[in-house]
Every structure is written in C-alpha cells, then in structure tokens.
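*Asks:* Protein sequences appear in the order of chains A and B. Under the UniProt record's numbering, the residues of the first sequence are numbered 1 to 339, in order. Under the UniProt record's numbering, the residues of the second sequence are numbered 1 to 358, in order.
Read the hints as simulated data drawn from the structure, not as lab findings. In this text the structure is predicted, and so the values were computed from the model without any measurement. Glycine residues also receive a C-beta, built at the ideal position from the N, C-alpha and C atoms. Please note: incorrect hints may appear among the correct ones.
Pairs of lysine-lysine residues, derived as BS3-like cross-links and limited to a Cα-Cα distance of at most 30 Å, are as follows [to be verified]:
{"id": "1", "chain 1": "A", "residue 1": "Lys-302", "chain 2": "A", "residue 2": "Lys-120"}
{"id": "2", "chain 1": "B", "residue 1": "Lys-334", "chain 2": "A", "residue 2": "Lys-179"}
{"id": "3", "chain 1": "A", "residue 1": "Lys-258", "chain 2": "B", "residue 2": "Lys-168"}
{"id": "4", "chain 1": "B", "residue 1": "Lys-168", "chain 2": "A", "residue 2": "Lys-275"}
{"id": "5", "chain 1": "B", "residue 1": "Lys-190", "chain 2": "A", "residue 2": "Lys-49"}
{"id": "6", "chain 1": "B", "residue 1": "Lys-189", "chain 2": "A", "residue 2": "Lys-276"}
{"id": "7", "chain 1": "A", "residue 1": "Lys-200", "chain 2": "B", "residue 2": "Lys-334"}
{"id": "8", "chain 1": "A", "residue 1": "Lys-178", "chain 2": "A", "residue 2": "Lys-275"}
{"id": "9", "chain 1": "A", "residue 1": "Lys-87", "chain 2": "B", "residue 2": "Lys-168"}
{"id": "10", "chain 1": "A", "residue 1": "Lys-275", "chain 2": "A", "residue 2": "Lys-83"}
{"id": "11", "chain 1": "A", "residue 1": "Lys-37", "chain 2": "B", "residue 2": "Lys-334"}
{"id": "12", "chain 1": "A", "residue 1": "Lys-120", "chain 2": "B", "residue 2": "Lys-168"}
{"id": "13", "chain 1": "A", "residue 1": "Lys-120", "chain 2": "A", "residue 2": "Lys-135"}
{"id": "14", "chain 1": "A", "residue 1": "Lys-276", "chain 2": "B", "residue 2": "Lys-334"}
{"id": "15", "chain 1": "B", "residue 1": "Lys-237", "chain 2": "A", "residue 2": "Lys-275"}
{"id": "16", "chain 1": "A", "residue 1": "Lys-36", "chain 2": "B", "residue 2": "Lys-189"}
{"id": "17", "chain 1": "B", "residue 1": "Lys-168", "chain 2": "A", "residue 2": "Lys-37"}
Covered, in the sense of this in silico footprint (three residues per stretch, anywhere, with C-beta under 8 Å from a C-beta of chain A), are these stretches of chain B [unchecked claim]:
{"id": "18", "segment": "162-175"}
{"id": "19", "segment": "216-230"}
{"id": "20", "segment": "279-286"}
{"id": "21", "segment": "317-331"}
{"id": "22", "segment": "336-342"}
Residues per chain are reported as follows:
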Amino acid sequence: MDRSSHSRSRRLAPVVAVAAAAALTLAGCSSSSGGKKSEEGGSNASAGKANTPRMTVALVTHQSPGDTFWDIVRKGAEAAAAKDNIKLVYSADPNAGSQANLVQNAVDQKVDGIALTLAKPDAMKDVIKKATAAKIPVVGLNSGVSDWKKLGLLQFFGQDEGVAGEAFGKKLNEVGAKKAVCVIQEQGNIGLTQRCDGVKKTFSGTTETLYVNGTDMPSVKSTITAKLKQDSSIDYVVTLGAPIALTAVQSVGDAGSKAKVATFDLNNQLTSAIKKGDIQFAVDQQPYLQGYLAVDSLWLYKNNGNYSGGGEQPVLTGPAFVDKSNVDQVAQFAAKGTR
Amino acid sequence: MSMTQQAEPAVGGPPASAPKETDGRTARRPLALRLLARPEVGVFLGAVAVLIFFLIAAPSLRQGSSMATVLYQSSTIGIMALPVALLMIGGEFDLSSGVAVITSALTASMLSYQLTVNVWTGVIVALVASLAIGAFNGWMVVKTGLPSFLVTLGTFLILQGVNLAVTKWVTGNVATDDISNMDGFDQAKKIFASSVDIGGVEVKITIFYWLAFAALATWVLLRTKYGNWIFAVGGNKDSARAVGVPVNFTKITLFMLVGFGAWFMGMHNLFSFNTVQSGEGVGQELIYIAAAVIGGCLLTGGSGSAIGPVFGAFMFGMVNQGIVFAGWNPDWFKAFLGVMLLGAVLINLWVQRTATRR
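Please model the complete structure; the sequences and the hints are all you need to start from.
*Replies:* What follows is the structure, given as structure tokens:
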C-alpha cells in the first residue's frame with residue numbers, strides 16, 4: 001500500500017482537527033449549563049455479593065441494536081448477576097432464527113441457566129428442547145406470556161401485553177379521551193400489536209392504528225403530524241415506546257392539534273416530559289425488574305430449588321402507571337437509566 | 001434551473017455549449033420530445049401524477065400546512081439523496097450513508113455533553129468526523145479497486161457497531177443524553193432545525209436547504225469543470241483518466257460530499273430531537289438510493305441530474321404522507337408505498353421510452 005509522507009500528512013488532517021477542537025475546549029469554550037458536569041455523581045445500588053459457587057447464565061433476547069428498552073433489561077440482569085456471583089453472557093438478535101442459534105450457542109457452552117425471550121415462540125421450540133435435554137434450566141422473560149408453559153420453561157417474568165393494553169384503555173376512559181391513535185413503530189411486531197388490541201378492547205372511544213418507521217425520527221414526526229392533520233378529532237396519541245412519545249409531542253405542536261400524548265415504556269427524558277405535562281402518563285413494564293428477576297430466579301433455582309410463580313403462574317412486572325402524581329419518585333431511577 | 005440544458009459531458013473540456021444547427025443530417029427534434037428525453041422529466045411527471053392523485057384522494061392534504069409536512073419529509077430524504085445521486089453519477093454507491101447520519105449526530109451530542117462544552121464544538125468535530133468517514137470510503141475504493149458496494153457495506157457494519165458500542169461505553173445507555181439546555185443549542189437549532197412562518201404555515205428550514213443544495217448541485221453538474229469530471233468518471237473511468245480527469249480526487253471528494261450531507265442531516269436530527277438513539281438510521285441508505293434512482297440516476301453511473309432526485313425524494317415523501325392523509329387501512333401501508341413507487345417509476349420509464357423513440 002502507498003505510504004508516501006504526502007498522503008500520510010493528509011491523513012493526519014482529521015487528527016489535527018480533533019486536537020484543535022480539544023484545544024478550543026480548553027480555551028474556555030465550555031458550556032455554562034447542562035452537560036456531564038451538571039450531572040450528579042450517584043453510585044449504583046450495591047447490596048453485597050453471594051458467596052455461592054460461580055455460575056454462568058446466558059441471557060438471549062430479540063433486541064435490535066441500540067434500543068433503550070433492552071438496555072434497561074440488561075442492566076437489571078447485570079445487577080442480579082453481580083450480586084449472585086454469576087457470570088452473565090448476553091447476546092441478542094431480532095431475527096428469530098439467529099436468536100435460536102444464539103441459544104444453541106449457550107447450550108454448547110454448557111451454561112448453568114438460560115433466560116430468553118419468546119418473541120417468536122415456534123422458532124425457539126427445538127432449541128429449548130435441546131437445553132432441557134442437556135439439563136439446563138430455562139426461564140422466560142418479556143415476551144411469550146402465553147407460550148412459556150407449553151414450551152416447558154421453569155418460570156416467566158414479564159408483562160402480559162394484552163393486559164397492559166387493557167389497563168391503558170381503561171385509563172384513557174378515566175381521562176375522558178374520545179378518539180385515540182395507536183402508533184406502531186415496527187410493523188408486524190406481535191407485542192406491539194397486542195398492546196394496541198388491548199387498548200381497543202377496553203377503550204370506550206374509537207381507536208385507530210398508525211404505522212411509522214421507528215428508525216427514522218424525522219419520518220416518525222411527519223407521519224404523526226400528517227395523521228393529526230388528517231383527523232382533527234383525535235384527542236389522544238398512544239405511543240408504544242419512549243422516544244416515539246417524545247417525538248409525538250413535537251408532532252402535536254406541528255399539527256396545531258389539541259391531542260394529548262400517553263405512552264408505553266419509560267426513559268429519562270420521558271419522566272421530565274411527564275413532569276412538564278407534555279406527556280400525560282406512561283405504562284411501565286419495569287424492564288429492569290424483568291432482567292433482574294430472570295437471572296436471580298436461576299440462582300434461586302440452582303441454590304435453593306425455588307420456582308417463582310410456583311412454576312404455574314407468570315410473575316407480572318407491569319403494568320405500572322407513571323404520571324404526574326408519582327413521577328418524582330420514579331425520575332431519580334430513570335436518570336440512572338434503570339427505570 | 002434550466003431543464004432544457006443538455007448535460008452530455010464533453011470529457012475534460014469546457015461545459016457543453018449549444019450544438020451547431022442546420023447540419024442537415026440531424027434534424028432537430030421537436031422541443032417537447034427533447035424535453036421529455038431529459039432524465040428528470042419522467043420523474044417530474046410521475047411526481048405530478050402522485051400529487052394530483054393524493055390531492056383528489058385525501059381532502060385534508062389540500063391545505064398549506066399539510067403540504068409543508070409532505071415537503072418536510074421529502075427534504076429529510078432529499079438532502080441526502082442529492083450527494084448520493086452525485087456519487088452515483090460518478091459511478092459509486094454508499095451503503096453507509098444512513099447510519100453515517102446517526103454517527104454524526106452521536107459524535108456531536110456525546111462530545112458536547114461529556115466535555116460539557118458549547119455544542120458548536122461538537123458540531124464542528126462531527127463535521128470533521130463525517131468528512132473523514134467519506135474520505136475513508138473514497139480512499140478505500142480508489143486504492144483497492146474493490147466495488148464500492150463491498151467497501152461501504154463494510155463501513156455500514158462498522159459504523160452500526162461503533163454507534164452502539166461507543167454510545168454505550170460513553171453514556172452507559174444506548175441513547176445520548178439530552179443536550180437541549182447547553183450553550184449554543186438554541187443557536188444551532190435555529191440553523192439546523194427551525195421553521196419559518198410563511199402566511200400562517202410553519203415551513204421547516206430543511207426545505208429551503210434542500211432546494212438551495214439542489215440548485216447548487218445543478219450548477220456544479222452543468223456549469224463547472226468538476227461537474228464534467230463527475231460525469232466522466234462515472235461514464236468511463238479509464239478514458240476519463242486518459243484525458244486528464246483526476247479520477248481519484250473526484251471519487252474521494254464525492255464520497256466526502258455524502259459525508260457532508262450525513263453531517264447536515266445528523267445535525268438536523270440532533271437539534272430537532274435533542275437526543276439520538278444509537279440504533280437509528282439503518283435502512284435509510286436504500287431510501288436515499290431509491291430517491292436518486294427514481295430521479296433518473298443510472299445505477300451504473302455516468303448519467304443523471306441533481307434536480308431529478310429532488311422530485312424522487314418528493315415522490316417518496318408524498319406517497320409516504322399521502323397514504324396517511326388519505327386515511328387508508330394502515331396494515332397495507334408498506335404495500336401501498338411499494339405499488340405507488342413502482343407505478344411512478346413505470347410512468348418515468350414510459351416517458352423516457354416515448355421520448356427517445358424516433
């Protein structure tokens with residue numbers, strides 16, 4: 001490869017530029033508000049550590065890369081692993097076949113326990129059988145509340161999306177909504193569809209569905225704006241993820257609509273939006289709890305033979321409502337990215 | 001913008017001037033046919049057809065503010081479709097352009113936040129990073145001779161992974177922190193993500209940038225030496241090099257131009273939404289390429305225009321929003337989108353065939 005000094009100096013240009021920017025920084029170009037410096041140095045909760053023998057647990061989810069929600073699940077799982085003297089192996093793939101492969105990978109590694117999501121239960125059937133045959137305990141979390149027992153899982157931690165949707169619909173009745181639009185950011189996702197169906201079931205007003213492209217925020221924004229302009233009778237926008245909810249607030253402004261926004265799932269910015277009154281309420285399925293309990297339950301099973309939910313019933317982690325009345329209490333945890 | 005301007009490149013020479021007439025052997029064809037033969041006219045007619053269709057099908061689309069929404073969506077595609085189109089005319093692809101937008105936004109956001117500096121510092125560093133990514137793509141393509149499809153697929157995957165891993169490593173989360181209360185934010189928001197009130201209608205500033213960039217790109221393509229170089233390297237690299245066109249320079253700068261576009265859109269994303277999720281942007285590259293192709297840019301390079309992708313992006317935005325304005329059953333959304341786009345492309349094709357048939 002060509003390595004003349006001329007081309008090398010040209011390649012140095014970006015480095016020089018970054019250095020220049022760093023110099024600018026030191027030269028007093030710092031921001032007087034916001035930023036990391038304003039952040040409080042809060043340390044994570046720590047409650048000692050189990051002295052049981054080291055074990056390995058694999059957590060395999062259908063997360064797509066860079067999704068806030070799954071990051072919180074993972075943090076919960078990591079907290080439990082740290083306390084229980086567990087080595088946690090995390091892997092994820094939104095493609096069902098690839099997720100099954102990752103589970104197979106965990107079986108091959110002969111881990112001491114597997115926690116997995118059942119977004120597409122049929123695809124996981126065979127590999128769960130292999131795990132069971134290898135005497136590896138398997139627990140479910142998040143999605144698959146109607147399938148975990150059929151597939152022979154020990155226990156399940158999560159929210160029944162339908163139940164959460166129904167609770168959401170009832171809340172809409174309470175606040176006097178008449179017409180809601182349910183915004184789905186991923187066409188064909190079962191869990192998201194169940195939420196909207198649940199809302200439809202209990203909400204006494206009318207519900208419409210709207211699909212948006214969750215990986216392109218400007219398009220999410222303009223699509224919700226378009227919908228609000230098309231139908232000015234919509235008085236509630238129901239979103240199924242925190243970032244989508246925050247964008248929907250902008251759409252409402254752009255459309256000059258009077259609609260209010262409520263959502264499933266939480267994050268740090270969302271709690272401040274609830275405080276400000278931009279967002280009315282959020283249903284929290286407590287992803288941290290799902291990750292934590294799934295890992296912790298495997299420790300309990302191995303060390304004390306316990307079954308959460310008695311091995312008969314799922315352990316529900318949601319729906320927990322967050323609104324202006326209790327947002328302050330939740331906000332401190334959301335700021336750490338664990339709620 | 002002149003639509004009658006013929007842009008057949010005179011390799012390396014001065015910009016094409018009006019051809020000598022009255023030779024006798026080649027009778028001039030009627031103006032209408034010559035117009036139709038321009039690559040962007042087909043897509044223009046397709047866009048008009050889609051527009052008229054939705055104006056009839058969706059009553060709520062007939063207000064100025066609705067059109068502003070459609071144009072906003074179109075502009076966010078169109079601003080990227082322009083450099084992507086120029087690169088395609090130059091004979092190369094960039095599959096990393098969608099995630100590169102997010103890379104740029106993440107860089108600016110995290111740098112400003114973590115160092116607690118004026119956001120403009122982040123904006124400038126992000127510009128340097130985006131141009132560097134473009135330069136890297138271009139340099140890899142010209143030095144290795146590998147297809148740009150492969151090289152930029154590699155960059156696409158690298159950036160996707162880096163976006164996630166670095167964000168997680170730096171912020172502890174997969175999304176960046178809110179920078180909306182930091183110094184310089186309001187100023188940057190004015191430049192990258194504000195809106196202007198025109199006769200009671202809020203018009204997003206990206207629409208003006210989109211049209212201005214398109215005018216600039218048209219001028220560069222048709223009136224400058226660099227424009228001729230783009231057509232030349234896309235048409236035939238070797239003969240272009242033989243007549244003295246700096247092929248490597250042209251290609252690398254074209255990739256850097258895509259980097260510039262990614263930076264610009266990244267800044268728009270950042271300053272309109274305050275935070276960025278690291279998983280966004282995947283799949284957008286295909287929409288940019290589609291807008292360029294619908295706009296008459298050849299997948300094989302050497303032919304196309306800058307105004308065509310403007311209509312291509314408009315068509316995409318129009319169909320995308322028109323379906324919502326029309327209130328159709330959203331389960332069919334993607335299918336509608338596909339059918340409308342195919343239909344528009346077929347109109348485009350039919351116009352081209354009719355125009356070139358003697």
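*Asks:* Report the numbers of all earlier hints that the structure fails to satisfy, in ascending order.
*Replies:* When the structure is compared with the hints, numbers 3, 5, 10, 11, 14, 15, 19, 22 turn out to be violated.
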